[in-house]
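> Those protein sequences? They're chains U and C, same order as listed.
232 is the number that the numbering used here gives to position 232 of the first sequence; each next residue is one higher, with no gaps.
534 is the number that the numbering used here gives to position 271 of the second sequence; each next residue is one higher, with no gaps.
Rather than coming from a laboratory, the hints here were simulated on the basis of the structure.
For every residue, glycine included, the Cβ atom is placed at its ideal position computed from N, Cα and C.
Keep in mind that a hint or two might mislead.
If you anchor each label on the Cβ, the simulated ranges turn out as follows [as the list claims (entries may be wrong)]:
| hint | chain 1 | residue 1 | chain 2 | residue 2 | range |
| --- | --- | --- | --- | --- | --- |
| 1 | U | Pro78 | C | Ile629 | 38 to 48 Å |
| 2 | C | Ala618 | U | Pro78 | 48 to 58 Å |
| 3 | C | Leu418 | U | Pro169 | 19 to 29 Å |
| 4 | U | Val61 | C | Asp305 | 19 to 29 Å |
Here are the simulated lysine-lysine pairs, BS3-like style, with alpha carbons at most 30 Å apart [said to hold, decoys possible]:
| hint | chain 1 | residue 1 | chain 2 | residue 2 |
| --- | --- | --- | --- | --- |
| 5 | C | Lys369 | U | Lys84 |
| 6 | C | Lys458 | U | Lys84 |
| 7 | U | Lys84 | C | Lys416 |
| 8 | U | Lys87 | C | Lys369 |
| 9 | U | Lys155 | C | Lys416 |
| 10 | U | Lys94 | U | Lys84 |
| 11 | U | Lys48 | U | Lys232 |
| 12 | C | Lys458 | U | Lys46 |
| 13 | C | Lys458 | U | Lys107 |
Next come the chains, spelled out residue by residue.
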Amino acid sequence: MSDKRSSPMEKNINRREFLKLTAVGVAVAAGSRAVTSSKASSAAPKGKHQWAMVIDQSKCVGCGYCTLACQAHNDVNPEIQWNKVLKDGTVGEKQVFLPRPCMHCEKAPCVEVCPVEASYYRDDGIVMMDYDRCIGCRYCQVACPYEARSFNWEKFEGENPAVPEWGYPEVERRPRGVPEKCSFCYQTIDRGLALGKQPGVDQDATPACVNACPTGARMFGALNDPESNVSKALHENPSYRLRENLGTGPRVYYLPAVDKKEA
Amino acid sequence: MLKKLITPWTAWLAFLGILLLGGLIAGTLVFWKGLGITNLTDLVPWGLWITIDLSSIALGAGAFSLCAGVYLFGLKRYQPIARTATFVGLIGYTMATLALILDIGKPERFWHSMIYWNTHSLLWEVTMCVILYLSVLMLETMPIIANLEWLRKRLPRIASTMEGVHHYAPILAIVGLGLSSLHQSSLGATYGVIKARPFWFKPEMSVLFMLSAIIGGISLTLFASMLASRLTSKAKINDALIERVAQFVGYLLIGYFYFRAWDALSMTYAYDPGRSEGLNLITKGLLAFNFWIVEMLLGMIVPMILLLYKPTRMNRFWRMIALFLVAVGVVAFRWDTNITGFLVVMPYVPGQAIAYASYQPSLVEIMAGVAIIAYGLTAFSLGVKYLRVVDHSLVEAEHKTVKVEATEPVTI
Chain U
1 MSDKRSSPME KNINRREFLK LTAVGVAVAA GSRAVTSSKA SSAAPKGKHQ WAMVIDQSKC
61 VGCGYCTLAC QAHNDVNPEI QWNKVLKDGT VGEKQVFLPR PCMHCEKAPC VEVCPVEASY
121 YRDDGIVMMD YDRCIGCRYC QVACPYEARS FNWEKFEGEN PAVPEWGYPE VERRPRGVPE
181 KCSFCYQTID RGLALGKQPG VDQDATPACV NACPTGARMF GALNDPESNV SKALHENPSY
241 RLRENLGTGP RVYYLPAVDK KEA
Chain C
264 MLKKLITPWT AWLAFLGILL LGGLIAGTLV FWKGLGITNL TDLVPWGLWI TIDLSSIALG
324 AGAFSLCAGV YLFGLKRYQP IARTATFVGL IGYTMATLAL ILDIGKPERF WHSMIYWNTH
384 SLLWEVTMCV ILYLSVLMLE TMPIIANLEW LRKRLPRIAS TMEGVHHYAP ILAIVGLGLS
444 SLHQSSLGAT YGVIKARPFW FKPEMSVLFM LSAIIGGISL TLFASMLASR LTSKAKINDA
504 LIERVAQFVG YLLIGYFYFR AWDALSMTYA YDPGRSEGLN LITKGLLAFN FWIVEMLLGM
564 IVPMILLLYK PTRMNRFWRM IALFLVAVGV VAFRWDTNIT GFLVVMPYVP GQAIAYASYQ
624 PSLVEIMAGV AIIAYGLTAF SLGVKYLRVV DHSLVEAEHK TVKVEATEPV TI
């Protein structure tokens with residue numbers, strides 16, 4: 001009798017435990033799959049090069065050549081600026097400027113929120129857009145702390161006013177209905193590397209905005225190479241990044257303009 | 264002859280038809296010319312349509328909450344109301360889908376969200392849940408669609424199969440509860456995870472969206488049922504049932520009011536860039552009327568009193584007013600939340616002051632938005648007339664016929 005009473009009880013508990021274990025197992029498996037399979041969710045993978053840009057605000061004169069070169073090389077609608085030059089107060093009597101490309105964040109909110117993984121990290125840290133995959137929901141625009149993304153509200157048709165004076169288009173025009181942004185001129189970097197050139201040193205491998213700058217205010221190079229110009233500039237000078245408190249880890253660094261008299 | 268044609272019913276349908284036609288024109292223009300003809304900008308990329316989308320999902324939440332109540336918590340006698348709620352839910356979710364298709368820049372790629380998964384994206388999760396839940400709602404409404412006279416006469420077998428889905432209601436209720444809890448909260452989290460906009464960045468967002476959706480969804484279902492029963496004899500309600508659920512809504516409102524008030528007002532004690540400006544907008548600025556009058560007073564306090572004070576709750580007119588106000592308040596909450604986060608433009612240049620954006624929906628946006636609402640009204644009206652969507656006397660009969668099948672007058 002006691003056997004009969006106890007055995008179903010045991011069975012019951014066992015079954016319950018079994019179910020519990022199964023549920024936990026399935027949940028863990030599903031969870032780990034979700035985490036590992038999601039390319040977007042992990043931080044940017046560390047490739048051979050980790051590109052970064054350094055912008056020296058004491059050298060920037062706000063001429064906007066960078067913007068024009070960018071618009072030509074990337075065939076950008078004149079109403080859109082991937083690289084915006086903004087006023088940033090004064091130091092002494094001098095107007096200071098702040099050019100703002102895409103920050104290519106290490107923890108990019110746009111990549112995290114994109115529902116279709118149209119925004120993604122390249123191994124070299126560049127935050128890329130797959131314009132063929134994007135559905136145009138604009139959540140990335142909502143999430144970007146730097147207003148680095150512009151939506152194609154209309155189709156860009158006709159001639160690009162920045163061509164040919166500022167360069168020739170190297171990438172396809174984006175269609176209507178997707179947001180677009182700076183790509184660190186990945187096409188130039190990739191082609192330059194293939195030709196054995198060094199981005200940031202050889203013009204053929206360097207983003208258009210860096211080449212176009214008449215005062216040498218922009219530097220480009222690999223952050224993981226201690227001998228690169230960007231690493232040296234950051235080592236020798238105080239620098240800051242935009243909205244650093246958000247923890248996005250921008251790959252664009254600024255060397256603040258300082259008052260020469262005070263310094 | 265003409266007099267026979269012009270009845271209140273046909274006039275109502277004609278009126279809705281005009282609105283739908285306007286929407287058809289607006290929608291065609293949007294697909295043809297692109298989103299450039301809207302007043303959306305890079306600073307305010309989500310506007311009127313996203314509010315309609317969020318609101319129709321929220322107001323469709325009566326389906327999962329009432330189905331959960333009926334099939335999981337054993338409140339079987341409220342089944343007739345859950346039935347209406349399911350239909351309202353289906354309408355709400357299809358409205359949301361319509362709004363989203365208009366709102367995305369590449370509508371022809373809507374299916375990408377099913378193929379390319381970013382499991383970390385709240386919007387991905389919402390999309391998946393909405394698609395799956397829409398399927399659940401379709402299954403749940405099968406027995407309702409089976410009420411169509413034409414279907415019963417012409418395809419009795421299909422009709423009876425569709426009716427049979429009713430037996431899976433408890434399972435569907437469980438699945439629906441899971442999916443709804445996920446995406447109703449995630450819609451709030453869609454805003455809540457955006458660190459770049461401090462006005463949104465808080466964990467309460469998902470809780471508030473979930474809670475307000477349950478309250479608004481139930482309220483809209485009750486209101487629609489009562490209104491239908493006033494306007495047509497096709498809708499038959501059991502007022503005692505509605506009155507009990509309405510009282511429950513009254514109690515829920517206390518909780519919602521408590522959370523919403525603390526959520527908004529606990530921000531006041533220190534200056535927090537972006538968040539303080541947002542709070543200023545909703546308490547003293549542009550949206551103050553929306554916040555204090557529509558959301559707080561008319562959306563919560565007034566209906567709370569009307570629904571908890573017995574004489575007004577027993578009075579059908581006041582109860583209807585109260586339920587309607589609750590739904591309006593939930594819509595206002597969605598609008599205020601969405602727009603405030605955009606109007607406050609956070610500077611990224613160090614030391615720069617916070618700027619303000621502006622947004623007024625364009626005519627095309629309004630026409631398309633109104634048409635989406637008109638579609639919802641049309642679907643509900645047709646449902647009441649032809650599918651007995653609001654018929655609280657129906658279900659008891661249905662249960663009896665399951666037991667005594669021989670008495671069912673099947674027409675073959």
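> Evaluate each hint against the coordinates.
Results for each hint:
Distance hint check: the CB atoms of proline 78 of chain U and isoleucine 629 of chain C are about 30 Å apart, inconsistent with the given range 38 to 48 Å. A hinted range of 48 to 58 Å is violated for the C-beta pair alanine 618 of chain C and proline 78 of chain U, which are about 23 Å apart. The given range of 19 to 29 Å is broken by leucine 418 of chain C and proline 169 of chain U, whose C-beta atoms sit roughly 59 Å from each other. Take valine 61 of chain U and aspartate 305 of chain C: their Cβ atoms lie about 27 Å apart, and the range 19 to 29 Å holds.
A threshold of 30 Å between alpha carbons decides the hint, and for lysine 369 of chain C with lysine 84 of chain U the separation of about 26 Å falls inside it, so the pair holds. Pair hint lysine 458 of chain C plus lysine 84 of chain U holds up; C-alpha atoms about 22 Å apart against a cutoff of 30 Å. Our distance criterion of 30 Å between C-alpha atoms is broken by lysine 84 of chain U and lysine 416 of chain C, whose separation comes to about 67 Å. With a C-alpha separation of about 35 Å, the suggested pair lysine 87 of chain U and lysine 369 of chain C falls outside the 30 Å cut-off, and the hint is violated.
Taking the CA atoms of lysine 155 of chain U and lysine 416 of chain C, the gap is near 52 Å; set against the 30 Å cutoff, the hint is violated. Annotation: proposed proximity of lysine 94 of chain U to lysine 84 of chain U holds, straight-line Cα distance about 19 Å (limit 30 Å). Distance restraint check for lysine 48 of chain U and lysine 232 of chain U: the Cα-Cα separation of roughly 18 Å lies within the 30 Å cut-off, and the hinted pair is therefore satisfied. Using a Cα cut-off of 30 Å, the hinted pair lysine 458 of chain C and lysine 46 of chain U holds, with the two alpha carbons roughly 25 Å apart.
Using a Cα cut-off of 30 Å, the hinted pair lysine 458 of chain C and lysine 107 of chain U holds, with the two alpha carbons roughly 12 Å apart.
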